[in-house]
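Residue 66 in full-length UniProt numbering sits at position 66 of the sequence shown; the count goes up by one each step and never skips.
Think of the hints as simulated: they come from the structure by calculation, not from any bench.
Just to be clear, a hint being listed does not mean it is correct.
Stated by the list, open to error - PhoX-like, lysine-lysine: derived pairs with alpha carbons at most 25 Å apart:
hint	residue 1	residue 2
1	Lys82	Lys32
2	Lys102	Lys34
3	Lys34	Lys5
Said to hold, decoys possible - Using C-beta positions, here's what the derived DEER-type ranges look like:
hint	residue 1	residue 2	range
4	Ala43	Asn2	36 to 42 Å
5	Ser120	Leu91	27 to 33 Å
6	Gln35	Gln124	24 to 30 Å
7	Val71	Asn2	17 to 23 Å
8	Arg28	Leu6	28 to 34 Å
9	Glu69	Ala43	29 to 35 Å
10	Leu6	Glu41	38 to 44 Å
What you are looking at is a predicted structure, and each value in this text was computed from that prediction instead of being measured.
Every residue gets a Cβ at the ideal spot worked out from N, C-alpha and C, and that includes glycine.
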Amino acid sequence: MNDLKLQIAQTIHNARQAVRWKPESAERHLQKRKQRRHLPETATLDDYENQIRQIISSGSSHIYLYWYENVPYVTVVTSLEKNVWLVMFDLNGIMETAFVVKHPENYLHSPEYEYIGSVSEVLQT
1 MNDLKLQIAQ TIHNARQAVR WKPESAERHL QKRKQRRHLP ETATLDDYEN
51 QIRQIISSGS SHIYLYWYEN VPYVTVVTSL EKNVWLVMFD LNGIMETAFV
101 VKHPENYLHS PEYEYIGSVS EVLQT
């Protein structure tokens with residue numbers, strides 16, 4: 001688990017430097033967040049990426065691993081502007097998604113999510 005925590009810490013560090021998206025997906029994600037009113041209509045991709053960096057940079061954010069077909073995805077969760085936001089990326093730091101979680105108490109307690117610790121705890125490893 002320590003090797004995995006080190007890998008998670010490195011992934012978060014890299015994602016803080018630059019949000020990297022799968023080809024052609026950044027704008028699609030931005031538009032979806034606007035449609036769902038997670039972001040204001042005037043939000044730009046820079047606004048969205050700054051919010052993502054804010055979430056993954058907060059020491060009080062919580063880190064989970066989301067397991068899908070035996071592949072772990074780093075998932076960072078925190079409250080921001082009266083909403084609980086979830087940011088997910090692969091271990092290479094490529095964004096999967098970032099969105100508002102409506103019922104985090106149910107969502108994050110599903111068996112696919114494994115709690116790792118706070119950002120500050122994990123980055124100390």
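Consistency of the hints with the structure:
{"no.": "1", "hint": "Lys82 to Lys32", "in the structure": "19 Å, holds"}
{"no.": "2", "hint": "Lys102 to Lys34", "in the structure": "16 Å, holds"}
{"no.": "3", "hint": "Lys34 to Lys5", "in the structure": "33 Å, violated"}
{"no.": "4", "hint": "Ala43 to Asn2: 36 to 42 Å", "in the structure": "38 Å, holds"}
{"no.": "5", "hint": "Ser120 to Leu91: 27 to 33 Å", "in the structure": "20 Å, violated"}
{"no.": "6", "hint": "Gln35 to Gln124: 24 to 30 Å", "in the structure": "38 Å, violated"}
{"no.": "7", "hint": "Val71 to Asn2: 17 to 23 Å", "in the structure": "20 Å, holds"}
{"no.": "8", "hint": "Arg28 to Leu6: 28 to 34 Å", "in the structure": "32 Å, holds"}
{"no.": "9", "hint": "Glu69 to Ala43: 29 to 35 Å", "in the structure": "32 Å, holds"}
{"no.": "10", "hint": "Leu6 to Glu41: 38 to 44 Å", "in the structure": "40 Å, holds"}
Checked against the numbered hints above, the structure breaks hints 3, 5 and 6 and satisfies the rest.
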